[in-house]
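Protein chains in written order, with full-length UniProt numbering: chain A, 1 to 276; chain B, 1 to 362.
Where hints are given, some of them may not hold.
[As the list claims (entries may be wrong)] Calculated cross-link-like contacts (lysine to aspartate or glutamate; reagent style EDC-like; alpha-carbon spacing at most 16 Å):
no.	chain 1	residue 1	chain 2	residue 2
1	B	181	A	99
2	B	181	A	105
3	A	221	A	262
4	B	166	A	105
5	B	181	A	101
6	B	185	A	99
7	B	185	A	189
[Unchecked claim] Partial list, computed: chain B residues near chain A (C-beta under 10 Å):
no.	residue
8	187
9	190
10	263
11	286
12	288
Keep in mind the hints are simulated off the structure, nothing from the lab.
Cβ atoms here follow ideal geometry from the backbone N, Cα and C, with glycine treated the same way.
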Amino acid sequence: MTLLDAEGLRTVYGDGCDRCLDATGDRAGTNQCPHCGSVVACAEADLTVRAGEVLGIVGESGSGKSSLAEQLALERDPDAETDGVVRYAGHEGNLLDVDYETRHDLRTGDIALVHQHIRDGLNPEFTGGGNVAEKLLSAGWRSFEDVRARVRELFEATEIPVDRMDDPTSTYSGGMQRRVQIARALANDPELVVLDEPTTGLDVSVQARVLDMFRRVQREKGVAAVVVSHDLGVVRLLADRTLVMRHGRVVESGLTDRVMEDPHHEYTQTLINSVI
Amino acid sequence: MTDERTADDPVASTDGGTTVPTDSVDAVLDSLDGDGLSGYNYAYLDEHTKREVRRATLKAVAVPGHQVPYASRPMPLARGWGTGGIQASLSLLGPDETFKVVDQGADESVNAANIRRLAENTADVETTTDTTEAGVVQTRHRIPEEVLTDEQILVLQVPITDPLRKVDSSDAANRRRHAHKNYGKMWVHLYENVVEWGEINIASRYPTMVAERYLMDPSPIPRWDVPKLDDAENLYVFAAGREARIYAVPPHTDVEPLAFEDREFTVERFPDAACHACGSTDTYLVEVSEESESPQTTREEGGGEAADSSFETRYACNDSSFCEKRREDSDIPKDHHLDREGVDWGPGTPDNEEASSGGAGE
Numbered sequence: 001m002t003l004l005d006a007e008g009l010r011t012v013y014g015d016g017c018d019r020c021l022d023a024t025g026d027r028a029g030t031n032q033c034p035h036c037g038s039v040v041a042c043a044e045a046d047l048t049v050r051a052g053e054v055l056g057i058v059g060e061s062g063s064g065k066s067s068l069a070e071q072l073a074l075e076r077d078p079d080a081e082t083d084g085v086v087r088y089a090g091h092e093g094n095l096l097d098v099d100y101e102t103r104h105d106l107r108t109g110d111i112a113l114v115h116q117h118i119r120d121g122l123n124p125e126f127t128g129g130g131n132v133a134e135k136l137l138s139a140g141w142r143s144f145e146d147v148r149a150r151v152r153e154l155f156e157a158t159e160i161p162v163d164r165m166d167d168p169t170s171t172y173s174g175g176m177q178r179r180v181q182i183a184r185a186l187a188n189d190p191e192l193v194v195l196d197e198p199t200t201g202l203d204v205s206v207q208a209r210v211l212d213m214f215r216r217v218q219r220e221k222g223v224a225a226v227v228v229s230h231d232l233g234v235v236r237l238l239a240d241r242t243l244v245m246r247h248g249r250v251v252e253s254g255l256t257d258r259v260m261e262d263p264h265h266e267y268t269q270t271l272i273n274s275v276i
Numbered sequence: 001m002t003d004e005r006t007a008d009d010p011v012a013s014t015d016g017g018t019t020v021p022t023d024s025v026d027a028v029l030d031s032l033d034g035d036g037l038s039g040y041n042y043a044y045l046d047e048h049t050k051r052e053v054r055r056a057t058l059k060a061v062a063v064p065g066h067q068v069p070y071a072s073r074p075m076p077l078a079r080g081w082g083t084g085g086i087q088a089s090l091s092l093l094g095p096d097e098t099f100k101v102v103d104q105g106a107d108e109s110v111n112a113a114n115i116r117r118l119a120e121n122t123a124d125v126e127t128t129t130d131t132t133e134a135g136v137v138q139t140r141h142r143i144p145e146e147v148l149t150d151e152q153i154l155v156l157q158v159p160i161t162d163p164l165r166k167v168d169s170s171d172a173a174n175r176r177r178h179a180h181k182n183y184g185k186m187w188v189h190l191y192e193n194v195v196e197w198g199e200i201n202i203a204s205r206y207p208t209m210v211a212e213r214y215l216m217d218p219s220p221i222p223r224w225d226v227p228k229l230d231d232a233e234n235l236y237v238f239a240a241g242r243e244a245r246i247y248a249v250p251p252h253t254d255v256e257p258l259a260f261e262d263r264e265f266t267v268e269r270f271p272d273a274a275c276h277a278c279g280s281t282d283t284y285l286v287e288v289s290e291e292s293e294s295p296q297t298t299r300e301e302g303g304g305e306a307a308d309s310s311f312e313t314r315y316a317c318n319d320s321s322f323c324e325k326r327r328e329d330s331d332i333p334k335d336h337h338l339d340r341e342g343v344d345w346g347p348g349t350p351d352n353e354e355a356s357s358g359g360a361g362e
């Protein structure tokens, strides 16, 4: 079953002109329009996510991965000019056009985002437990003990020491903060989680544990995920299907194994060769 | 250059000031004496201002708990000292009105007395300290102990209008939250409070939900007074001068303090304490530390400090005018002036006795 279907997603920073789309992208070798100077962060991106599936998005820094992920997670950047259609199972019309309240409800319940930067996703003054509880309380939970029990359960599932639940988030290690974000994202049993660079800034052993944890939780709950990473290893480990992005365009897509073993696009070949 | 000029200027003295002979000040004051307040409009404010404040008040009544902006004129008092309350009161007062001003329960504070005198002089109203006789009561940080009726208006002075400001300093973001009834952040604040203290321990400005729609800051009244807002007979007008906002709770509006299902809202508890003056145990008490009249030399073992032993802590009613009535008649109930039974007016009101003795809500 198709959970999410996106068509022609576009994010442009700057005034934009008629020639922006033709003058940028993979063929042009840049994401900045030479005529008007606007940056086409991503354009002409189509994708589908099926229920319970993990979709990987790889590409180098600045290739438009995060811009694409933010649109999928209904995160709005007031400075950007956006366009496109996102259809979502069980919802009428374009998800990108919904009002504040519907968007807020969707973000609280159905679609969760794990931010690339911890500061965007967590309030460092709240306790770790409080950050996770915020999602539950926003969804209307009003029993303190129920909230505590659910937060504890999520801490255990995401392998955060439960004893640290009532400490300020600013005192947590980087790996723990990342896990708190994941726990927060999973709080209301969403159907889709968008993870933007889930392992950035973590050392290799912590990375492995966070990824293992996420893979386990994702399978147990059957939640669909979009994983954005510059790290091919992360995508190879988690994703069923993979999109490769460059200069704001999707240059290749397919089953992860196929993309890794038999890359068609020249850039994908270079990317994979440079890692393995 | 500046030095040169001041040196040439015959008026300015070298120490930078011009001396004004004191008798000229007296003369100016004397010349004003006969005029009285004839130069001022009725009730100090001009009619346009009063009309605007009334219009804002009406709008606030129509949308309970919603903060309505108004112009907020400069008043003959520093902002933050009740300028909002004065503007609301003066706009409501008419010559037949009786006015009372309470400052944290007391009628005698300098600020209360001055506000009362301003209304007396400019609006030609009767003033009183008796809550039951007043038509308009302006108050700072308290709701009177005696039950208010549908003929009375309580004007509360408000320092901070938005309850969300303690969780987010951005007013723009908070206005958006109010618009969409998005109070998740405030709930996290309460959650954190229970985590830290085992109960919600917000001493004043307790966040309350008005008519199941807007989260409201009930001004710095103690938790003790918050239940009085719910389904009351009288109109509550909240006015902030510095923040230029008016909001209201009309009679018989649902007002519910935020709390968890299993961590209920509680009021202050005064176990085994009674007012030292009138003996009341069902009123909001405050601690007063006074030098003891008979300095006892019973020192604590281990040698307490001498300075401490000469002071004693006593409890006293915060509402001084009701305390006075209780001193004359210690059994006088808080609804003595009403001819009906079953008055629900916060903790300790006769028909609510059980709640107060057990520390309400536990």
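Hint-by-hint comparison with the structure:
1. 181(B) / 99(A): This hinted pair holds, its Cα atoms lying about 14 Å apart.
2. 181(B) / 105(A): holds, 12 Å
3. 221(A) / 262(A): violated, 31 Å
4. 166(B) / 105(A): violated, 24 Å
5. 181(B) / 101(A): holds, 9 Å
6. 185(B) / 99(A): Violated, at roughly 20 Å.
7. 185(B) / 189(A): It is violated: about 20 Å lies between the C-alpha atoms, which goes past 16 Å.
8. 187: Interface hint status for residue 187(B): holds (4 Å vs cutoff 10 Å).
9. 190: holds, 8 Å
10. 263: Since chain A brings a Cβ to about 5 Å from residue 263(B), closer than 10 Å, the hint holds.
11. 286: Status violated, d = 30 Å.
12. 288: violated, 36 Å
The structure is inconsistent with the numbered hints 3, 4, 6, 7, 11 and 12, although it conforms to all the rest.
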